[in-house]
Amino acid sequence: MALETLALLLVLGAPLVTTLALFSFPRRLQPMARWLAGGAAALSLAAMFALIPALRRGDVPAIALNWMPAAGIQFDLHIDWLTLPFAITEGAVTLLAIIYAWGSEANDERAPYFYGLLLLFAVGMAGTTLADGMVLFYTFWELMLLASCALILVWGHASGSGPSRRAVALKYFIFTHLGSLMVLVSLVILYDATGTDRFSALRAGVTLAPGMATTVIALFLLGFCVKMAIFPLHIWLPDAHTVAPMPVTIMLAAAMLSMGAYGILRFPMSIFTMEQMQPFAVPMMILGILSEIYGALMALAERDIKRIIAYSSVSQMGYILYGMGTLTYNGIAGATLHVIYHAIVKALLFMVVGLVVYVTGKRNIDEVGGLARRMPVVTACAAIGIMAIIAVPPLCVFDSEWMIFAGGLETPYVTLSVITIFGSLLTVAYALWFGSRIFLGKDPAETTDTTLGPVSDRAPARAKLPLAMVAPSVLLAALAIIEGVFPAPLFDWVAHELPMLLGGRW
Amino acid sequence: MSPDHTGVVLPFIILVGGAFAIYLIARLVTSRNEWLAVLTAMVFGAALGALLALGRAPGSAAPTWGTTMAGVSGMGSVILQADHGAVFVGSIALAMGLCVAVYSGRYLSLDHRYRTYYPLLLLMVTGLLGMVMTTDLFNLYLFTELMSIAAYVLVAFRRRTDTSIEAGFKYLIMGTVGTLTLLMGITLIYRETGVLTIPQPIVAPGVWARAGLACIWVGLGIKSAIVPLHTWQPDAYGRAPSSVSALLSSMIGPFYVLLKLTLALGFPARDLGLGLMVCAMVNMLLGNGMALMQTHTKRLLAYSSIAQLGYVMFSVGVGLRYELPEAVQAGFFLLAAHAAMKGLAFLSKGVCHFYDHTTLVEQLRGTFRRLPVVAVTFSIAIMGLIGIPPLAGFTGKWFILTEVWRAADGWVYAGSVVFLLNTLLSLGYYLPILAMLFSPLPTPDTPPPVQVSRWMIVPLVALALLVIVIGVYPGPLWRWAGNVLTF
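These protein sequences, in sequence, are chains A and B.
Take 1 as the starting number for the first sequence in the working numbering and just add one per residue.
Take 1 as the starting number for the second sequence in the working numbering and just add one per residue.
FYI, nobody ran anything at the bench for these hints, they're computed from the structure.
Remember, predicted model here, so these are calculated numbers, not experimental data.
You may find that some hints are simply not true.
[Unchecked claim] Label-pair distances were calculated between CB atoms; the ranges are:
no., chain 1, residue 1, chain 2, residue 2, range
1, B, Pro325, A, Ala204, 24 to 30 Å
2, A, Pro210, B, Glu323, 24 to 30 Å
3, B, Ser453, A, Ala463, 49 to 55 Å
4, B, Val282, A, Thr207, 33 to 39 Å
5, B, Pro199, A, Ala204, 43 to 49 Å
6, A, Leu65, B, Gly428, 35 to 41 Å
7, A, Pro279, B, Val282, 36 to 42 Å
8, B, Thr486, A, Trp506, 50 to 56 Å
9, B, Pro449, A, Ala2, 40 to 46 Å
10, B, Met42, A, Ala2, 47 to 53 Å
11, A, Gly361, B, Gly428, 31 to 37 Å
12, A, Met212, B, Pro325, 50 to 56 Å
13, A, Thr196, B, Val469, 41 to 47 Å
Just so it is clear, CB atoms sit at the ideal spot from N, CA and C, and this is done for glycine as well.
Whole structure, please, built from the sequences with the hints as guidance.
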């Protein structure tokens, strides 16, 4: 047991201690800030994997401390099957984003703060998943917001015509905080009903007046949908994702959005029964479809390549909400799998976008083109990412979408399922358009310049790319294939989570 | 209730004696600011110790001291009682006084008029302590005047700047109207009942007693900045030296006395609760709305105090209306937490002003480069006021929400929605401060970091730690805030 306690402490402790060290001695630690950050993220991820054997044995590794005994508020951390997929996704994304940052961000005197805040962001997300008490959950939930907002505020790159990074950070904070407050209201109502803030007490059953239960579920769903950027609560996302520096964008899109999905699974779906959740099934599915289609259409209309991928997140989160809204085994399992797979694919696509911007210095899709000749490896990665997000078998997203659609067809609302399936055609449209415009065809900058002789004679120079930016992309592309072909281990994780949901009907 | 507990009068002896001694020392022995600051801090510390010792005194009855003149209906007698609420409210002001005195050891070096400043600080807190500990209406008036007169002078302390004279003058006029209205109310009540002792439930209040109570509300409402009687506060807090603003924002005596007195005069707690709930909404909306429009940092913080008082009034009001002592407790918890957070914010702002002459929010840009420690403490204060967990403000709001909803009443839910929306509204002015603190200056040549004086760093760090500790480990303060107001 002691080893597991240590591992659980390390998950949060390693990044937290590193952050404190980086903030306390920024000048002395500046040369090795990136190594420290990477090491801490790796240690945190390794500690999560070290906890899996205990889960397989049927234990629930936990740390329990009395925090505010008078109020029944505990400082409890635990890891269970519901936590595991989200925690590991978050840990892996953090590690890759930090490695990517080695290449994409300048190692100047602000680097210790940058890496410290990245780690703090990761602590917020890991703590959100590990917390076993409502106050602690909310604390980490807000830490996540605070750290990411600081990163956008100080390191953001606003485009010339768009809003300033201060305006974007303010909008991001206020909008997300609105969601947090809705969650807080529900948490406080549940706390008042049970007298304790532990999740286990909540799972044992909460007696609420019927109207109150509906209010709590509705507020939870709304609050978490803000975090997931579900249409029409998504308006913070495109600006925040576009303005944030690339490693932060990767963490926002691949890890933080899915914290909303975690919240929905952890609170309404774990606490309430199928009968109580049933009235929300159709609204969730409809919101999911709206998000899916709206996000894809906006991605089609967008010119800024970073915003295209940002809107694609709105669309993909729609699938996740839809899958959870089906309230079927396959739908929920598919939604959880989609969280993991979306993280892989979205991180990959943002890394590719970052590399394109790194090489060309341009973000407008009209100004780039023909990059396949200049960066073949990146093009291959992008191709895998694009095919994956389209859900071409046997790439990973295919598995999860299969499950989500299967869950949808089990419900009586077949029309909605058909709309979802055909709605995914729009994904094909924007993804292929995105890939072909950037990597195929001619570079518009080259074709206009004819003074150097005929264009076809000139061999475009291979772009020199930092290994720290390419290696994570290649790794993710490989993962997208491996996970698609061998999804069994992940299915196994997710299958363990389902008995915890909706009153344990599976 | 035997009036012979001499320990009760000890804090007064220390404070008043200290005030005279420090004035004499400043005239005759040394006028070095550092020495006077240390002496003042010692006086505040000793008085705090004496007051806290009373809180721990054995026995259930509150320690009491005084002289009575038998047969003259309480006129001319002085009876002081250190009940739990008085110790609570007094200790907060004394503790903040301690921080402010140390802070002034460097902060005041620009102003040079040490020998009036420190005795006035001590006398102002003496007045507050007397207000909360006295048991008759006449002495209540006297102590209120003592506190107010010291406060007028301190607000206008920077007499070379016309804005601070203006603020002090406005405060003087409004404050005098307040104390005179209070005196009028006391007279009217005395006219009807013929006694001045405070626990005197008026069973069937006549017209004079009603009018008197109304006058007392207006008088103390001005002192505690309840909308629409708040207009002096943004000017006073905005123009006073930051150390004085910090101390003023921790002096929650008038609000406490307003509640205690109203209940002691037999006014139904339910009706008082309703009135507070209604006023709370106005306070929140007006405070936050006006704060959104401010460009001057300290005025902004002053309006934020009005809003925060609204949150407290909401919680206390619900507690009184629905007989939930824990909701009142939550209100006083937030009031104490707010004193620490707002004090920290004002003191941090003061350091920025001391080194860089910043007054506007816009001018806080680049603070993190120039004064890193101050940027961190200031942001802790602001994040606490926003209610970011696990800082003190969040814990206070959590307690308020959890306790208030036990009332399970539609009006309370509606009020809570206003409360939460106001929290959201307040982000609009708190976040720009945070953003400014950590934004780099637009010009490439940033002035080098300043070595901030230890006199200022120590109170800032102590208060910042306090804000964190109250948030993370709220148990002791929560228990202490219980039974502050008995009803």
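Q.
Range first: 49 to 55 Å. Now tell me if the beta carbons of Ser453/B and Ala463/A are that far apart.
A. holds (53 Å)
Q | Outcome of range test on Cβ distance (Met42/B, Ala2/A; 47 to 53 Å) | A | holds (49 Å)
**Q.** 40 to 46 Å as the expected CB spacing between Ala2/A and Pro449/B, which holds or is violated
**A.** This hint holds: roughly 44 Å between Cβ atoms.
Q | Assessment of proposed distance window 50 to 56 Å (beta carbons of Met212/A, Pro325/B) | A | violated (24 Å)
Q: Note whether the CB distance of Leu65/A and Gly428/B lies within 35 to 41 Å or breaks it.
A: holds (36 Å)
(Q) Does the beta carbon distance between Pro199/B and Ala204/A stay inside 43 to 49 Å, or does it fall outside? (A) holds (48 Å)
Q: Look at the Cβ atoms of Gly361/A and Gly428/B and judge whether their distance stays inside 31 to 37 Å.
A: holds (35 Å)
Q: With respect to the beta-carbon atoms only, verify the hint that Pro325/B and Ala204/A lie 24 to 30 Å apart.
A: holds (29 Å)
Q: Evaluate the given range 24 to 30 Å for the C-beta pair formed by Pro210/A and Glu323/B.
A: Distance hint for Pro210/A, Glu323/B holds at roughly 27 Å.
Q. When you take the CB atoms of Pro279/A and Val282/B, is the distance between them in 36 to 42 Å?
A. Once the Cβ atoms are compared, 38 Å apart, the range 36 to 42 Å for Val282/B and Pro279/A holds.
Q: May I ask you to test the hint 41 to 47 Å on the CB atoms belonging to Thr196/A and Val469/B?
A: Hint violated: Cβ distance 23 Å, outside 41 to 47 Å.
Q. Is 33 to 39 Å right for how far apart the beta carbons of Val282/B and Thr207/A are?
A. 37 Å Cβ-Cβ, so the 33 to 39 Å window holds.
The structure shown violates the earlier hints numbered 12, 13.
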